[in-house]
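Generate the whole structure from the sequences, applying the supplied hints.
In short: position in the sequence shown from 1, add 189, done, that's my numbering.
Hints are computed from structural coordinates only; laboratory data are not their basis.
Some hints could be false.
[Unchecked claim] What follows is a set of in silico ranges between Cβ atoms, one per label pair, in the way DEER data are often shown:
#	residue 1	residue 2	range
1	682	513	41 to 51 angstroms
2	425	216	31 to 41 angstroms
3	201	233	18 to 28 angstroms
[To be verified] Okay, derived cross-link-like pairs now, BS3-like style, lysine-lysine, Cα gap no bigger than 30 angstroms in a straight line:
#	residue 1	residue 2
4	573	488
5	309	226
6	289	217
7	422	360
8	350	309
9	422	451
10	598	663
11	488	399
12	404	488
Ideal placement from N, C-alpha and C gives every residue a C-beta, glycine not left out.
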Amino acid sequence: MTPDELEKNLSDPWWRLTSGFLYQILIKGDEDTEGLKAAFIPNEHQIDFMNNLWYRNIILKARQLGFTTMIAIYYLDCCLFGEGNIRAGMVAQDRDSAEKLFRDKVKFAYDNLPPEIKAKFPLARDSASELLFAHNNSSIKVGTSMRSGTLQYLHVSEYGKICAQYPKKAKEVKTGSIPAVSPNGIVIIESTAEGDHGDFFEMTEIARNKKDSGKELSKKDYKFNFYPWHGAKEYQLDHQNIHITDKEHEYFDGIEQECNVKITLDQRAWYVATRDSDFSGSSELMWQEYPSTPDEAFKKSKEGCWYTEQFLKVRKEGRICTLPIRTDVPVNTFWDIGNSDGTAIWFHQRVGMQDLFIDFVEGWGEPYEYFVKIMQSKGYLWGKHYLPHDGAHARQGESKNLSPQQMLKNLGLTNVEIVPRVSELLHGINQTRNALMNDVWFDVDRCKNGLTHIENYTRKFNAHAQTYTSEPVKTDGHSEASDAFRQFAQIRDQIGRVAKKSPPPPLATRTTLS
Numbered sequence: 190m191t192p193d194e195l196e197k198n199l200s201d202p203w204w205r206l207t208s209g210f211l212y213q214i215l216i217k218g219d220e221d222t223e224g225l226k227a228a229f230i231p232n233e234h235q236i237d238f239m240n241n242l243w244y245r246n247i248i249l250k251a252r253q254l255g256f257t258t259m260i261a262i263y264y265l266d267c268c269l270f271g272e273g274n275i276r277a278g279m280v281a282q283d284r285d286s287a288e289k290l291f292r293d294k295v296k297f298a299y300d301n302l303p304p305e306i307k308a309k310f311p312l313a314r315d316s317a318s319e320l321l322f323a324h325n326n327s328s329i330k331v332g333t334s335m336r337s338g339t340l341q342y343l344h345v346s347e348y349g350k351i352c353a354q355y356p357k358k359a360k361e362v363k364t365g366s367i368p369a370v371s372p373n374g375i376v377i378i379e380s381t382a383e384g385d386h387g388d389f390f391e392m393t394e395i396a397r398n399k400k401d402s403g404k405e406l407s408k409k410d411y412k413f414n415f416y417p418w419h420g421a422k423e424y425q426l427d428h429q430n431i432h433i434t435d436k437e438h439e440y441f442d443g444i445e446q447e448c449n450v451k452i453t454l455d456q457r458a459w460y461v462a463t464r465d466s467d468f469s470g471s472s473e474l475m476w477q478e479y480p481s482t483p484d485e486a487f488k489k490s491k492e493g494c495w496y497t498e499q500f501l502k503v504r505k506e507g508r509i510c511t512l513p514i515r516t517d518v519p520v521n522t523f524w525d526i527g528n529s530d531g532t533a534i535w536f537h538q539r540v541g542m543q544d545l546f547i548d549f550v551e552g553w554g555e556p557y558e559y560f561v562k563i564m565q566s567k568g569y570l571w572g573k574h575y576l577p578h579d580g581a582h583a584r585q586g587e588s589k590n591l592s593p594q595q596m597l598k599n600l601g602l603t604n605v606e607i608v609p610r611v612s613e614l615l616h617g618i619n620q621t622r623n624a625l626m627n628d629v630w631f632d633v634d635r636c637k638n639g640l641t642h643i644e645n646y647t648r649k650f651n652a653h654a655q656t657y658t659s660e661p662v663k664t665d666g667h668s669e670a671s672d673a674f675r676q677f678a679q680i681r682d683q684i685g686r687v688a689k690k691s692p693p694p695p696l697a698t699r700t701t702l703s
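Set out below in structure tokens:
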């Protein structure tokens, strides 16, 4: 390539990004090529995205399609060859991920530019998180937040994971990083799914609905992009030694029909082997990490959930709706005070024979004072406050060992009672199932989060036996709300019952003063 030809090519953004001449990346490769570098040549998914780039972009995707790498290269290219004063930011879920993203994608691509090209772009600042270029005062930075300053380019990596695992960081991204982007700037939010709630889910649903409506997008609207596993040519495996059941073939045939695609035997074999080897046979994790459709990405398996049949009946009967709050009826609360620093509270009114759940509150790592203040702010007429059996056990207080029951009494709550412990958890589960089959109602808005938890409360899966056990999962954030609701079910028949006073002794035995 002559100097004139090179100069001409460098003026073409498409050539810079797709020729493989300019940028190098680290590749995962196979056992023999681990950690090697290769020329960056975008794959079919990345090219499709670049051809459809909008001002605001949502990418819902299968794993390991290289979007973060592509976006890092694109933003670096904009800084190197742009007019100047460009600010590009990339947000990762935590500090370690941010450092790795900067080191292995941004800095690596810059350091491995052809020497004669790199010499044109000296650095004014080279830190562990930012490159500032001396020739045009543009910079690219990686961190966990991008609140300060105005950005022309923003990328948020794995936003679904941020929303699910780091809600405070998700709020910072939503209220700080995204608003920092100029009106004509570009925002790219990409992630695998992390459940059917949270800001990434909500943003994705809005973008999908916009796309389905066919309406023209404004600069503030997010454009929806979906890249499934079956569109990746690399996701194939020789099918000769992998057994695919009739039920699995039925699933793949259904995806073919729904998506108008062809899924080969080698693709099917890869899917089955990946599910069984990487995810211990979990279909739900495959839906999340390697979705076939957008709906599947956010799908939660109801297999193994404790209350699936009961909530089918609850929803069919319309018992999740808008409930009025009766100011003349006492509000009872049902608590779980989990050992993992989680607390959940259901707010309940008994009206006639109906049990109305009008509100729900939860939190992690918060003191009891935090929840009592929330309760006081609601202005409810209080009835009784029911704690689980361990609410009577002493715990470490600020100055001395106190039980949660005593701590709440010291904070001003009255009528704090303890729900007796059931002999077996399954007995309490069955009591909860029975309660849900009866006249139990939920407010659709105020109880939304609590309902999500109860409906996704599930049993542990034994991968070796390929079956669900009788033990509940305690690590996914759903158990606190479910255990709190179970306290209601275990004491349901006694709510509102007035203790009868002992009758006076017979007249013959009364003592009187003469």
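Now the hints, each set against the structure:
no.: 1; hint: 682 x 513: 41 to 51 angstroms; in the structure: violated (25 angstroms)
no.: 2; hint: 425 x 216: 31 to 41 angstroms; in the structure: violated (18 angstroms)
no.: 3; hint: 201 x 233: 18 to 28 angstroms; in the structure: holds (20 angstroms)
no.: 4; hint: 573 x 488; in the structure: violated (38 angstroms)
no.: 5; hint: 309 x 226; in the structure: holds (22 angstroms)
no.: 6; hint: 289 x 217; in the structure: holds (14 angstroms)
no.: 7; hint: 422 x 360; in the structure: violated (36 angstroms)
no.: 8; hint: 350 x 309; in the structure: violated (38 angstroms)
no.: 9; hint: 422 x 451; in the structure: holds (12 angstroms)
no.: 10; hint: 598 x 663; in the structure: holds (28 angstroms)
no.: 11; hint: 488 x 399; in the structure: holds (20 angstroms)
no.: 12; hint: 404 x 488; in the structure: holds (26 angstroms)
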